[in-house]
Amino acid sequence: MESIKEGDKVQILCEAKLETGELCYKNNTENLIEIVVGEGKFFPAIEKVLQDMAEGESKVVTLEPEDAFGPHMDDLVIKVPKTVFKPEVPLEVGSRIKIDVPTGKSFVGTIVAMDEQTFTLDLNHQLAGKRLVVNVTVVSIAEQVKR
87 MESIKEGDKV
97 QILCEAKLET
107 GELCYKNNTE
117 NLIEIVVGEG
127 KFFPAIEKVL
137 QDMAEGESKV
147 VTLEPEDAFG
157 PHMDDLVIKV
167 PKTVFKPEVP
177 LEVGSRIKID
187 VPTGKSFVGT
197 IVAMDEQTFT
207 LDLNHQLAGK
217 RLVVNVTVVS
227 IAEQVKR
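Here the sequence shown stands for residues 87 to 233, numbered as in the working numbering.
These are calculated hints, taken from the structure and not from any lab test. Just so it is clear, CB atoms sit at the ideal spot from N, CA and C, and this is done for glycine as well. One should not assume that every hint holds.
Here are the simulated DSS-like cross-link-like pairs (lysine-lysine), alpha carbons at most 25 angstroms apart as the crow flies [unchecked claim]: (1) K95 x K134; (2) K103 x K127; (3) K134 x K103; (4) K145 x K127; (5) K95 x K127; (6) K168 x K191; (7) K191 x K127.
Computed beta-carbon distance windows for the label pairs [stated by the list, open to error]: (8) K184 x Q137: 36 to 42 angstroms; (9) S226 x P130: 17 to 23 angstroms; (10) T223 x K172: 42 to 48 angstroms; (11) V219 x V163: 24 to 30 angstroms; (12) V179 x E108: 15 to 21 angstroms; (13) T169 x L104: 34 to 40 angstroms; (14) V146 x S192: 18 to 24 angstroms; (15) K91 x Y111: 23 to 29 angstroms.
Put together the whole structure using the sequences plus the hints.
Encoded structure:
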């Protein structure tokens, strides 16, 4: 059986958990992830692990924060006046909200604290700063580069 090389298009199953065992992501055969190995559009550490794997093979890889969603950046934790939000929208610590800024960009953040006047909003990705344990299974090698 041929092993995966850089440039091959593969379909994979992924299950990502925090070190605590909490499930973060899991796909199934109905929504396989399709990537071209070495193209750099997926987590590079996983693309590297895929090389030399074969169809049906599974491996577990631990992704450090810098190999996954990056470090947690303190400058992305901001205070926002409560007046920015419509009063009819119930908001509490843990709520995920979208903020549109005048430049036309949108940001999604998590409310991590609140007082009478403001919300403290964390704009980091929810998995920023977290180490992930990922189980990768090669379902198929959809297309191989000519060797």
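When the structure is checked against the list of hints, which entries are broken? Sort them ascending. Checked against the structure, the only hint that fails is number 14, while the rest are satisfied.
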